[in-house]
Amino acid sequence: MVPLPETDTATETPALPGDALRDGIVERLRGALGDALVDTLVKPNDDIWVRVSTAAWREAGFAVRETLGCDFMSYLSAIDWMPSPFGRGEEDPTEPPPERATAIVQGYTGGETRFQVLARVYSTNKHFGITLKADVPDDSLVVESWVPVYAGANWHERQAHEMFGISFAGHPDLRNMYLPTEFEGYPLRKDFPLLARIVKPWPGIVDVEPLPGEPESADGEATEEASA
Amino acid sequence: MTDLIDRQRLSYIAAQAADARLNVELETEGMTLNIGPQHPATHGTLRIIVRLDGEQVVWADPSAGYMHRGHEKLTEVRTYPQITTLVNRIDWLGSFANEVPFILAAEKLMGIEAPPRAQWIRTIMMEMSRIANVSLFLGDLGVQLGAITPVFFAFRDREYVLNLLESASGGRFHPNFDRIGGLKEDLPKGWIDETHQVMKKLRNFCDEIENLLFGNEIFQSRTRGIGVIPREVALQYGLSGANLRASGVDWDLRRDQKVGLAYDKADFTVWTHPDGDSFARCWIRLQETREATKIVDQLLDTMPAGPIMAKVPRIIKVPEGEAWVSTENPLGEMGYYIVSKGELGPFRVKIKTASFSNMSVAPWVLRGVYVPDIITILASLYFILGDIDC
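Which chain is which? The protein sequence lines are D and P, in order.
Per this note's numbering, residue 1 is the first one in the first sequence, and the count goes up by one each step.
Per this note's numbering, residue 1 is the first one in the second sequence, and the count goes up by one each step.
I should point out that these hints are in silico values taken from the structure, not numbers from a laboratory.
From a predicted model like this one, the values you see are computed outputs, not experimental measurements.
Glycine is no exception: its CB is placed at the ideal position from the N, C-alpha and C atoms.
Keep in mind that a hint or two might mislead.
[Unchecked claim] To spell it out: a stretch of chain D is covered by chain P in this simulated footprint if at least three of its residues, at any positions, have a beta carbon under 8 Å from a beta carbon of chain P; those stretches are: (1) 24-37; (2) 42-56; (3) 67-78; (4) 123-131; (5) 138-147.
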């Protein structure tokens, strides 16, 4: 066994292989997309998020593939930003349900709509990745398909279609991936109830009482000693 | 060597083309064949609908969903520590590797880092999951081609690895050993010496499989030049792991990204193969098993002492934010996109599984092949059904 490294060196985060490349990426993408690039977020030592306008979703796909050289598509999916009207199944079912937040708050790079599509692409020779997002209009729930950009988007879009009800214009075959054809509803939408959790609430959430001999603390501030 | 491979591939393509012409002349009647959901060659309940023209596949459509468990929905009603138990069930042959990217993503959002010893042990156990997973592939590969012997070797030697995982974590198939901030426990006494010995056995196993299978003429003629996936197609479809490297793309997340694991402390080779056929995919996996044993050996020797758990609150609340972490799992790139709203559980988790993308190329690659080749191509693409239907 070798001795433990010095503690002060461990706190410094070493640079990612692509970190030096990261700076110019957003500017190059802005040059290719212009105003269609709505918002960006670059977190040092972490990642890049960009949001493009709905109309430019496919154009953005071509731009990251051709301009930035992102040849590898990792995944494409969607997010429903509406807070769940059912909570997380942690309340006592005999009591009336508590007041829940209903405001739709989008995450990184903001947004205006309830649904957003997001995709992650990589450059396999430059070793960086980028996460793209786009709003899905609330009234029509249609974005352009990425199948002409990355053929692998086919299955990912089928999955997003059946789980969120988002349509992808130009997709060759939007059949259900997992669910039966006659299935009603879109399971990953927040207003789709997880019935198993409503019928019988999960008891795990109350399993946070303090250990014997530990001062009671409701806000989770009590820390545990390292168990080494 | 490459000339030989090229000639083999060209002759195969020429034969296919000749047969296709013959089929047109004979005006054979097409037929639709359902392979699965329950079929020994489909590893679980993947159903493949193929349209045949004689012995040739006109189109193929894998139909998943017979085992879909809704992991992404379930994560929304669970707390962070509970989710590791859940994601263990995605790729059930290399379970520990499923936990790591999720824990790393949660740690990234919380801004904590596991102590060095925990990072070392995580990396070691992740490589052992790879060995446990891929050694079964190497044995199963023979069975798919009609050779019974390799699977006995595989089950014999895989058992040693599972015993080690069990002795360290208490879980044989589902370790559930990773925690936010570190690990559940330290390694038991004598584990390191025992692991060194097991790694030696596993290297022997790789040699045995190579002698038994990879030099075999029948194996070669059934895999060489079959199911060729060119580099561009592999990238377009988002193939990852050994499937991508077998198509000549030098891309390995163990080497090419910096996450809280100790891969940069080990010296290992990332193997690639220019052919992109079934043989290349199998060969890459064999080499990767060898490399994994070397990584484990090196990391066992350099493992630092110290705590295995960082200081974390007893009730884990992850701050608001979004994080994506993916790692090189036995089947390929596996990642989690966590959206947190600062609560006890995540707001949304997108689980990117390797087999989902790896199988999405099946309609492309199965077009034009013969029925017996479906089996070798699916076997060499190597999917775990839980990884498709997560």
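Just pull the numbers of the violated hints for me, sorted ascending.
-> Violated hints (numbers, rising): 1, 5; every other hint is consistent with the structure.
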